[in-house]
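Take the sequences, apply the hints, and build the full model.
With our numbering, letter number 54 in the sequence shown gets 125, and the count goes up by one each step, no holes.
Hint data in this document are derived by calculation from the structure and do not stem from the laboratory.
One should not assume that every hint holds.
Stated by the list, open to error - Heads up, simulated SDA-like pairs for lysine to any residue below, C-alpha to C-alpha not over 20 Å straight-line:
hint	residue 1	residue 2
1	K142	I187
2	K142	R185
3	K132	R185
4	K165	V150
5	K144	F161
6	K213	N203
7	K200	V108
8	K118	K158
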Amino acid sequence: MTIRAVGQNEHSNIGTIITSTAVGAGTGYALKYLYPVTKQEDDFNTKVMTNYCHKLTNRAKVKEFNEMGVKTKAQDCFVKMIESGDKEAFQFDKLAQKVEALGGENSVAGKEFRGIIRTVNESSAQMLKRWNTAYRMMLKIKRPVIPFLVAGAGVGFLTGFTHNVLRTDA
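Here it is as structure tokens:
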């Protein structure tokens with residue numbers, strides 16, 4: 072049996088439980104943002120946003136080319152392709168036809184046209200990646216915090232209680 076001085080109870084059972092419950096609640100709050108987005112939370116069609124990102128980058132590139140004034144054959148072909156509004160303009164066979172009309176894959180205009188397409192695709196992929204990150208974070212912020220706090224505090228309480236039960240004061 073351990074002998075202690077009166078008033079110097081350094082191993083408070085209630086303090087351990089309170090501390091572990093608070094740590095558990097804090098962990099539960101952090102888990103709200105760390106827990107991945109579930110299928111039930113994500114009800115947005117990503118195809119819509121992918122198309123939107125492509126349209127935005129295409130329009131930005133067309134605006135850039137129009138502001139330049141004099142355009143090369145490849146730039147003019149890209150501007151006409153976007154302004155035509157053809158929904159199938161970016162299909163592989165349609166792009167190949169446009170490259171052939173510009174002089175083939177080995178021509179300067181054909182290589183420039185492929186470079187423009189590649190640049191626009193990379194820009195839209197980066198924009199979509201940033202949008203996905205922001206969308207996932209928005210879904211996590213929108214989550215209710217109470218279930219995470221209760222679960223974390225419950226685990227913390229049980230941990231503190233178990234620690235007090237299993238503790239040996241030797």
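Here is how each hint holds up against the structure:
1. K142 x I187: holds, 13 Å
2. K142 x R185: It holds: about 16 Å lies between the C-alpha atoms, which stays within 20 Å.
3. K132 x R185: Between K132 and R185 the Cα gap is close to 14 Å, so the pair holds against 20 Å.
4. K165 x V150: holds, 15 Å
5. K144 x F161: holds, 18 Å
6. K213 x N203: At roughly 15 Å apart (the allowed maximum being 20 Å), N203 and K213 satisfy the hint.
7. K200 x V108: Holds, because 16 Å separates the two Cα atoms, which is no more than 20 Å.
8. K118 x K158: With a Cα-Cα distance of about 14 Å, the restraint between K118 and K158 holds, given a limit of 20 Å.
Violation of the numbered hints given earlier is absent; every hint is satisfied by the structure.
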